[in-house]
Amino acid sequence: MSKIEVKNVYKIFGDNPSKVLPMVQDGATKEEILEKTGHTVGLDDVSIKVEEGETFVCMGLSGSGKSTLIRHINRLIDPTSGEVLVEGTNVMELDQKNLIEFRRHKMSMVFQRFGLFPHKTVIQNVGYGLEVQGKDLNERNKVAMEKIEAVGLTGFEHQYPNQLSGGMQQRVGLARALATNTDIMLMDEAFSALDPIIRSDMQKQLIDLQAELKKTILFISHDLDESLRLGDHIGILNHGRVVQIGTPIEIIMKPADDYVAAFVKDVNRAKVIKAKIIMITPEQFKSRKEKNSNTIKVNEDSFLDEFLPKVCLTPATVEVVDKSGNIKGYITEKELSVALTKSKADVLTKSKT
Amino acid sequence: MQKYKKFIKPIVITITFIFFIIISYRSAKPRYKPEHFTDIFNDFSWLGNWPKWLDFPLMQPLNAGFDWLIVNYGLFFEAINNFLLGLYTSMKDFLVGLPWPLVIAIVIFITYFASGRKVNTTIAVAFCTFFLGFLSPRYWDKCIMTTCIVLIGLLLCIVVGIPIGIAMARNRTVRNALLPILDLMQTIPSFCYLIPGILLFGLGAVPAIIAIFVYAVPPLIRLTDLGIRLVDKEVIEASEAFGASKKQTLWGVQIPLALPNIMQGINQCTMMSLAMVVIASMIGTRGIGDEVLLGLQQLNVGMATEAGIAIVLLAIIFDRITQSYGEKIQERTQKKKVFNVKD
Amino acid sequence: MKFLKNILLSFVFAGFMALGTTSANAACKVHLGDFDWDSANVHTAIASFILEKGYGCEVQVTKGSTTPIMAAAFDQQIDIITEVWRDNLVQLIEDNLAKGTIIELGVNTPSSTQGFYVDKPTADKYNLKHVDDMKSAKIAKLFADPEAPGKGRMTSCISGWTCYTINLVKHKVYGLDEFYTNFDPGSGGALDAAIAGGFKKGKPVFSYYWTPTGLMGKVDLVKLEEPKYDQACWDEMTKVVEDIKANGPDVYKDTCACEYVNMSLTKAASTKFASDAKNKPILDFIRAYSIPTADVNRSLAFYMDESGGDMEATAKHFLANTGMWKKWVPADVAKKVVASL
Chain A
1 MSKIEVKNVY
11 KIFGDNPSKV
21 LPMVQDGATK
31 EEILEKTGHT
41 VGLDDVSIKV
51 EEGETFVCMG
61 LSGSGKSTLI
71 RHINRLIDPT
81 SGEVLVEGTN
91 VMELDQKNLI
101 EFRRHKMSMV
111 FQRFGLFPHK
121 TVIQNVGYGL
131 EVQGKDLNER
141 NKVAMEKIEA
151 VGLTGFEHQY
161 PNQLSGGMQQ
171 RVGLARALAT
181 NTDIMLMDEA
191 FSALDPIIRS
201 DMQKQLIDLQ
211 AELKKTILFI
221 SHDLDESLRL
231 GDHIGILNHG
241 RVVQIGTPIE
251 IIMKPADDYV
261 AAFVKDVNRA
271 KVIKAKIIMI
281 TPEQFKSRKE
291 KNSNTIKVNE
301 DSFLDEFLPK
311 VCLTPATVEV
321 VDKSGNIKGY
331 ITEKELSVAL
341 TKSKADVLTK
351 SKT
Chain B
354 MQKYKKFIKP
364 IVITITFIFF
374 IIISYRSAKP
384 RYKPEHFTDI
394 FNDFSWLGNW
404 PKWLDFPLMQ
414 PLNAGFDWLI
424 VNYGLFFEAI
434 NNFLLGLYTS
444 MKDFLVGLPW
454 PLVIAIVIFI
464 TYFASGRKVN
474 TTIAVAFCTF
484 FLGFLSPRYW
494 DKCIMTTCIV
504 LIGLLLCIVV
514 GIPIGIAMAR
524 NRTVRNALLP
534 ILDLMQTIPS
544 FCYLIPGILL
554 FGLGAVPAII
564 AIFVYAVPPL
574 IRLTDLGIRL
584 VDKEVIEASE
594 AFGASKKQTL
604 WGVQIPLALP
614 NIMQGINQCT
624 MMSLAMVVIA
634 SMIGTRGIGD
644 EVLLGLQQLN
654 VGMATEAGIA
664 IVLLAIIFDR
674 ITQSYGEKIQ
684 ERTQKKKVFN
694 VKD
Chain C
697 MKFLKNILLS
707 FVFAGFMALG
717 TTSANAACKV
727 HLGDFDWDSA
737 NVHTAIASFI
747 LEKGYGCEVQ
757 VTKGSTTPIM
767 AAAFDQQIDI
777 ITEVWRDNLV
787 QLIEDNLAKG
797 TIIELGVNTP
807 SSTQGFYVDK
817 PTADKYNLKH
827 VDDMKSAKIA
837 KLFADPEAPG
847 KGRMTSCISG
857 WTCYTINLVK
867 HKVYGLDEFY
877 TNFDPGSGGA
887 LDAAIAGGFK
897 KGKPVFSYYW
907 TPTGLMGKVD
917 LVKLEEPKYD
927 QACWDEMTKV
937 VEDIKANGPD
947 VYKDTCACEY
957 VNMSLTKAAS
967 TKFASDAKNK
977 PILDFIRAYS
987 IPTADVNRSL
997 AFYMDESGGD
1007 MEATAKHFLA
1017 NTGMWKKWVP
1027 ADVAKKVVAS
1037 L
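One line per chain: the protein sequences are A, B and C, in this order. Numbering follows the working numbering, with no gaps: position 59 of the first sequence is 59. Remember, the working numbering sits 353 above the position in the second sequence when you count from 1. Remember, the working numbering sits 696 above the position in the third sequence when you count from 1.
I should point out that these hints are in silico values taken from the structure, not numbers from a laboratory. Hints should not be assumed to be uniformly reliable.
DSSO-like mimics (lysine-lysine), calculated; alpha carbons at most 30 Å apart, straight line [what the hints assert, rightly or not]:
hint, chain 1, residue 1, chain 2, residue 2
1, C, K847, C, K759
2, A, K135, B, K586
3, A, K49, A, K204
4, C, K896, C, K825
5, C, K949, B, K495
6, C, K701, C, K831
7, C, K847, B, K386
8, B, K600, A, K106
9, C, K725, C, K1022
10, C, K795, C, K816
11, B, K599, A, K7
12, B, K681, A, K120
13, C, K1022, B, K405
14, C, K949, C, K759
15, B, K405, C, K847
16, A, K120, B, K471
17, C, K1023, C, K1012
Beyond 12 Å from chain B on every Cβ pair, some chain A residues (computed) [claimed, not checked]:
hint, residue
18, A28
19, F102
20, G115
21, P118
22, H119
23, E139
24, M145
25, K204
26, T281
27, P309
Think of the CB as a built atom: it goes at the ideal place given N, C-alpha and C, for glycine as much as any other residue.
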């Protein structure tokens, strides 16, 4: 059972969505619906599955429906049709009291423009989820301080949000989401409002936290690089429809249609492809009988652009090792050139030969 | 059927209008009407001066309704009268009884802490308060009377107005129903509710308090409604996303963030209350207002001006206290950037 | 084209000038002084109607309380006042007659009453006949003043009327001030509303009131007796009254007081208006103008009940239904007035 499952969800905005629904189900496009009925199609037969412990990134341009989708998970928006299951429970069937309990204990959310309470201090903001649950002040402050330290904001706990910079505010938002210790985190373009350097730092921080906490994260983004960096799986939305779901490599290497292809056209593959993806097994390497005068050891999880310059300077063969130092595979110039060209070459299948 | 929906409103309005005309014709006295109804289409003299049979019968039913109200609900109004009067008298007697330096000290104390320890504001307010008595000794007690009425009126406005404003912000139907009533309350001439106030409550402080309520509560309600609706949608989403109940969101997030607007509403309410108190002196309400009236009626320009200055000073005192409190709250939520903060 | 436009504009301009000048050359202009109670209002309305429609005069009306209107008349700003409560203002009037600022034009309403009234049910129940009957704590409690605990309230005149100060002095002289407040209701409308409200709610009413008025015919008020009228006593009292009006209540000194006499209400004109020869027809009209008390009461009842608050309609009703006014004006004026009814 997936942690989060969205099944055939339709969302239509307007005065009479249920009447317009059959038209959408028959296959009318967003433009047609808007022209004929004045209704806006937010989501068109969207189905995704998010497994426990993974980071699922929903990607798309503005108007693709991704912000609408994420708000279905905690039922800030009700679908016109379809099911939203969290740990097997249909969110739509929960009554008000149970829905509140659900929101308090099962999931937390981080917002694009931070969503911090301007009239509360940092520590009060971080402790908000616990405050709503009725926990007492001491307990709230204890947990809040832990999370504040975890995101590196020690010393700022009694400041107000408007005294902090954008990056710091979002760290508060992150700490607030962590404080309730929920399994699921919903992140709505959480880093989109930050400047590039801070953004990069926050992404790294999230990856570090995730390595430790292994939460189920549903992340919304419109930035391809961010999605590739953070996501275990990526779902691409266009005008409310799911266009492709796959791992980052699948998206890059095998775009489902021209829309996705346009997205990934300019991606820097060296930043995205990890060593372990394109390596060949030791047996394959031995069978090649390459002259390995120079070898460089590289961690299996490192990206190509981390070791590529070294390989170019001193023509060398790459030994791919894991954390303990065991050799997992090898990469030669052949693998590198295939991986980095923008043709539709099937790197994955190549590496298995 | 769908496309006929848009015709319903005009049809209803037309039918109601025809109904009004029929009522006015039937209730007009016989000497104002032509012999037979059809004569209207023969003899067009009624096109000259507005005909007497086109007179919507509002006055008689209103008077009759009012009399019925007084006769049947007299005790109810009596109770309201006694309650408000008791509140007013006890407040007034207490403040008048205090030695005046103590009253000035209390005002200084309130201003200092309401404004967030602003010294300039406190000094200005202290001066104005002192000048009230300095202008003319008998103004001191009168200003206290006026202040008591304004404060009680303000209290009534806050207790009734803010919940209504909140209800309007949360519910579209309530909002649409109340907006025309608020417009009515703000535009209807004050004597239209002052005189009925006398009939119901007698002369004095109570009709003034009721009049203050009618006149001054609409801006408070509107600004409360606006304040709550203007709260950043994302902040409310955040509150809901973390599992806050509607009540928790209202009290924990919406009201605190709407507070600057609400304070602005209270400030407006106070100013309009003060304006109304002066008008209320024309129905026998004692206070600084009747000094102005006295000056006017006895053609004593100096007296009227002096009393007018006292009213201006009172207005400054009220305004400064409520404004500075509002500013203090607003500092909290303003987008104030502090530099040299390392990320 | 431009030439034609200029010609057209010149004609329009000339036309406006002509209109303007003709109105400036109206046969006569009269500035009436009106007060803030209904009997004065009805006289001003009737006089205005006759002056406008009968004499073709341009009539301007200024309304206000006793003090400012009288002051304006003494200052020659107002031409004619149709109802003067002479005896209330006797010192003031005598002074100004001596100074030559106004002249008197005779009597308008021959009789009027003023006094302290109590509602009939309470008066009967407690046998209240004389002002001295009111001087007890038990009786005062019936008319309790909510803003002056321990005292009763007599709803009095508004501070702009002379009777306010007269009542103040009377309270002190009769010894009523120990038991009652001389309460200023703020406006004439408020006074009427307070009395009407009291009756509607069945509560005891103790108030100053007067005739001719519309309200008197509609509620059952009993007048309290006061010491009998004496000219010398009244004159002495009014001296103190004028003193207080000028210098404040602290200059009160013990004096005499007696009941409001049945006084006739007179008319006055400023000497500036009266000395202009072309105003003679108007002065003759105003001199002849006189309406008995009963008729004034009747008109005021019409005003309250049937006219819907329309003074002009009340004036027209009076003119249409009585003939006495025709004796005040020449025949041709009367004809014009009848024609415009």
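**Asked** What are the numbers of the hints that this structure violates, sorted from low to high?
**Response** Failing hints, ascending: 1, 6, 7, 10, 14, 15, 19, 20, 21 and 22.
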